[in-house]
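Since each chain sits alone in its own frame, please combine them into the complex, following the hints.
Sequence order for the protein chains is A and B. According to our numbering, the first sequence is numbered sequentially starting from 1. According to our numbering, the second sequence is numbered sequentially starting from 1001.
Treat the hints with care, since some could be wrong.
[To be verified] Some chain A residues flagged as far from chain B (calculated, every beta-carbon gap over 12 Å):
{"no.": "1", "residue": "Ser17"}
{"no.": "2", "residue": "Lys193"}
{"no.": "3", "residue": "Ala219"}
{"no.": "4", "residue": "Cys295"}
[Claimed, not checked] Stretch by stretch, here's where chain A covers chain B in the computed footprint (C-beta under 8 Å, at least three residues):
{"no.": "5", "stretch": "1039-1051"}
{"no.": "6", "stretch": "1103-1111"}
{"no.": "7", "stretch": "1213-1225"}
Just so you know, the hints here were simulated from the structure itself, not pulled from any lab data. C-beta atoms are modelled at their ideal positions from N, C-alpha and C, and glycine is treated no differently.
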Amino acid sequence: MIDQLKYEIEEKPVFCSGHNACPGCGEALAIRYILNTMGSNTIAVIPPSCIAIISGHQPYSSMRIPTYQTTLEASAASATGMKRSLIRQGRGDVNILVIAGDGGTYDIGIQSLSGAAERNEDMVYVCLDNEGYMNTGSQKSGSTPYLASTSSTPGGKPTEKKDIAEIMAAHRVPYVATATIGYPDDLARKVAKARDMKGMRFIVCLTPCLAGWGIPDDAAVRVSRLAVETGFFPLYEVEDGEHYTINRGHTGLPVERYLETQRRFKHLDPDQIATLQGQVEHKWALLQARTKLECEPHPEYLTR
Amino acid sequence: MSMDTSNITVTSGQSCMPPVQEGDTRMLLTGNHAVAYGAMLARPQVVPIYPITPQTPIAEKISDLQLSGEFDVDLMTAESEHSAMCACVTASLTGVRVFTATASQGLLLMHEMLHYAAGARAPIVMAEVNRTLGSPWGFWPDQSDSLSQRDTSWIQYYCESGQESLDTVIQAFKVAEQVNLPAMVVHEAFYISHALEPVVVPSQERVDRYLPPFNPEHRLDPLINESWGAVVNQDMYYRHRKELTESMALVAERSIQADAEYQELFGRSYGIIERYRMDDADLAIVGFGAMCGTSRVAVDALRAAGLQVGLLKIKLFNPFPTEHVRAAIAGIPKLMVIERNVSPGIGGVLAQTLKANLYGMKDAPTVHSYLAGVGGLNVPSRLIEELAKKAMADEPVAESLWQR
Ligand SMILES: Cc1ncc(C[n+]2csc(CCOP(=O)(O)OP(=O)(O)O)c2C)c(N)n1
Ligand code: SF4
Ligand SMILES: [Mg+2]
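Chain B with its partners taken away, still in its complex shape (with noise of 0.2 Å):
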């Protein structure tokens, strides 16, 4: 991947050879064997998990490391997602870190105990591997697993490596802790979670002093004596959900604090979004998750025929960074999305999402939605740069585009 540094001004951690610190180990690890890591690293005392492909390598490598004793931790074998997530729930308002992984129909399983978890204020972090949902059935790389889930106040990271992922993963602890909210880390099904990269695991003494234990002011405890759930008023609900957006609202800065404390301690970072090659752009591509590393070849090919593109990477998806992407965004007249996922009848999510946060804003470029990689098809750079091609002389339409 070749990467011209001095256009990225929220630095990229994805270069292939990440840099080495003192008691650090360099290893060869899948996506998702690279999040089992930075759970384990996190220290999460109780893991309720129930096993969906292409989830499953977090949840045995957890299993490995447990009985190898390296990972101190509960892992309970819960007999369905749901229960799993309502065991995160009260585990997690009892007082200890708590994390899991799923995905597709397993994170479809969880919706109701989703939006519980937030409502309760519970930190859990999840990692989630995007797969394509039933009917029919299909295993393949599709974000709208996880996008079905972004109204139920979980805060989503989309990763596009494995050490990208892991990082995340310790980073979102931190993040979740300090707003009270849960957190998904979300990377793609075997295009990130099964393919093997060199990845760093930092050394567990350094994440101790990144993430201090968990220690909630409110918990469930008979020597406290406060509940939690009972009915409420309409005013109490009110109150309830204002002070939950409140708290969503801290979310990005928290991110980029976290952000640039990892930096410091570990020497990488990832912003909550990322410019790639962006100055001058007449078109900006804006992604998120695997797609971001074929477009940043895309967008070299497309600037050394001339084209001035860059790509916008879009990592903390919800809350949606309204301020920062219009910011980042401010003087390119065109953006394209390319996005791996369709919501039927709305069109592909991101667009939706990012045209929804462009309402109002003074000179707003116009928006081309393509729908390319749903189902898991490749995307080639090829495709992206004929696309970003596409793009530029077309007139924008309102739908998303069907594109292989």
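Just chain A, same shape as in the assembly (with noise of 0.2 Å):
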């Protein structure tokens, strides 16, 4: 693939060991990596969800930075005024950085997600996606894929996952990454990169759930790389809206070797595979064409 980047993940000992989270957690992996990447001048944002039970319950916190636990639907409005407050005291150095559920970010969140994006405010703002309300139950959320089970579409979800990495792109914030546990050298490398950038800087991080997905506790990391593998989950940047590179992706691995790994889409017939594929392809097409469509800025137009 294009990027192939030799990263050497940097740790600082911001997240503890003896958290909440179930034993094989796709979201806590991804917690690790991004809260040590962060640093220690940081101060998260976190709605309800999983991570605000990893992040621990009054008096004990898992991670060695201030956490604030906001409103499910208020993340990115939250770190606004965080941040707002404290450049009016000089301490604008201090990171902001969101760890939002995808309920809390792709449905419920979006909202402020915009407005936030809109603005261009200055955060780092990390979507844990694991496809559901997993917190609640595991109900389907915007970023449930077409046809998978949950509690609340035990019959398949009849409709397609909301795009929010290219939702949040339209916005042409300075960065938009995809990035998930299953290459860990990538995910810290993208938190590490917006970290060092201003403005509003977005990562959605595939996190597989245990008993959202219906996976064994060893499966997380082997279930993600299929995502990306399979061309379901592609690894990608976008930077200002415009400027695509992808990073890993499609191996020509048919869909099937990734949905049969997992119990949430084992009523799926040969011919509702055959959809999936096809959309697979369909959408990976999109994403290599739109990485060809660069254009020479206009001398007018001034980017941030």
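Structural data, given as structure tokens:
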């Protein structure tokens, strides 16, 4: 693939062991690389989600930084108030990091996220995408894939997954990236890159959930790699809404290799699997086409 | 407005020409513009705000003052009131003074965050302009919006003039920051928000002497490493709520003190309640907000006609100043509440709250409850006089009666 950078992960001791995640949880692994890359000069904003549980119950914390737990729809707005307050106090160097679930990002939180993106507020916003409302018992979210079974769509979700990376890119924010725990070097590199930029930086990180997806407790990393290799969840970056870089993606592996690892897709018949294969091919082709859509900036147009 | 000051035990600031002191400026301002000046003088660092009629002149004036360089503030143009309040909470918890303003639907959209702000002990001050709630749509003065937020643990002050609102914004910061609770400064649409009045804008130097910089002991800061909002167990939740309630219990005395200090420095004072011509009264009119001005006129007319009627203005509505109200009405056999709001199923919210606070009082007065001016209907002095005569003649009934 295009950008196979060798990246040495540098971890600072921010995330602690002994947290409350299910053993083998994809979110917990993601949180480790995100926090340990962001470092200690950071305040984390966390909405209700499994992340909030993982971060600990008062007075305990699994994170050696201040955390603020906000309401489900409010992460980006909460981060905004914090950063603006710090800037007024001459403390603009403090990183503001949102770690929110897909429910808190794609659905109920999209208004505040879109508002903050439009204003290009200064934050790193990481969405830990486990494709459902896991904290409340694995209901579907706007991120749940087409046909996946959830506790609120037991017969399979009748609609497609929203494309949050494209939604954010359409706001022309400085940085949008997709990542997953199966490629921790890629994840850590993207977090470090985002950390060192200004304005709205958005990363959506696929984090398999054991209970919600129906996978064994040693499978999260393997399944997350299959999501990339089958083209179900390609890894890419978008700068200023238009400069696309694909890091990893479809290797030609059939999507069935990914689907068969998870209970939420167990009910699919061959026709449905073929439909999903077609979707993956189409979206993969679209993404590749976007990387070729480079155009010279208009001389009168000032980018951020 | 005629005023018999001999009967006022808590001095009123509602005179037509407020006194001017050195460094002050007398300006002709709408109630909302007066609020914007009050906010500027309090020096908030961050103002997250979202426009809604009839609050908009507050937001616009703050924008103008910021553009002209008079008001050094980060004005955050949020994409909704909900987000504006979210940003208020975190800006406050991160250590700066915060102001915002809203009305009606905007206040309701904030509802979840109002509870959150109080729970987080963020001393935000918010101006709230009373306007009817949809549906159906209306733009009229009606207190149902702020009263429906009574139980969100916000301090609520009700004002009856632009001057009072300006002064109360400054006082509210003083109180809120002592008890770590958010405060709402409420006035009604149009009657106050858009009416022009002469207003004294105090000097910055004196306001700075009154209101020290905000410097909270606890804050979100990597150098301090304290957190807020994580899940608590039942015992811890109980303790949080109990502490919040205990802080709320300090508000009445702190407000009186803040008002007395204000009187010393600025020569204006309002009290948390006001007794107007209450001595030997057979009936006390109880009200809040804009209707108090008209009620004073009605009281004067009734007294002139030989009827012993007074007015008790409730300025601090939440926490309800039970002991102060009981002391103010001791010996008066009848109260008549007139109010511009309704909670269907309950009636007038002030009447309900008042009755609850009289329970168990020895020789408690009877309470007549009238819903007047709901939806912004005009309530002239004549109507208040008629209702007072009616209340004096009638036996009390449990429900609130609709009147126009
Ligand atoms: C306004 C509001 N509605 C509903 C909830 C209940 N709730 C808590 S967490 C959650 C789902 C979160 O899903 P997601 O953001 O994907 O995080 P995950 O649990 O999957 O990590 C819901 C619906 C809430 N806290 N607030
Ligand atoms: S339910 Fe899923 S996302 Fe939540 S902690 Fe367990 S494995 Fe992780
Ligand atoms: Mg989720």
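Outcome of the hint check:
1. Ser17: At about 18 Å from chain B, Ser17 of chain A clears the 12 Å cut-off, so the statement holds.
2. Lys193: With a cut-off of 12 Å, Lys193 of chain A remains clear of chain B, as the shortest Cβ separation is near 21 Å.
3. Ala219: 28 Å, holds
4. Cys295: Correct as stated: the minimum Cβ-Cβ distance to chain B is 30 Å, above 12 Å.
5. 1039-1051: holds (count 3)
6. 1103-1111: Violated - the stretch 1103-1111 of chain B has 0 residues with a Cβ nearer than 8 Å to chain A, which falls short of three.
7. 1213-1225: holds (count 5)
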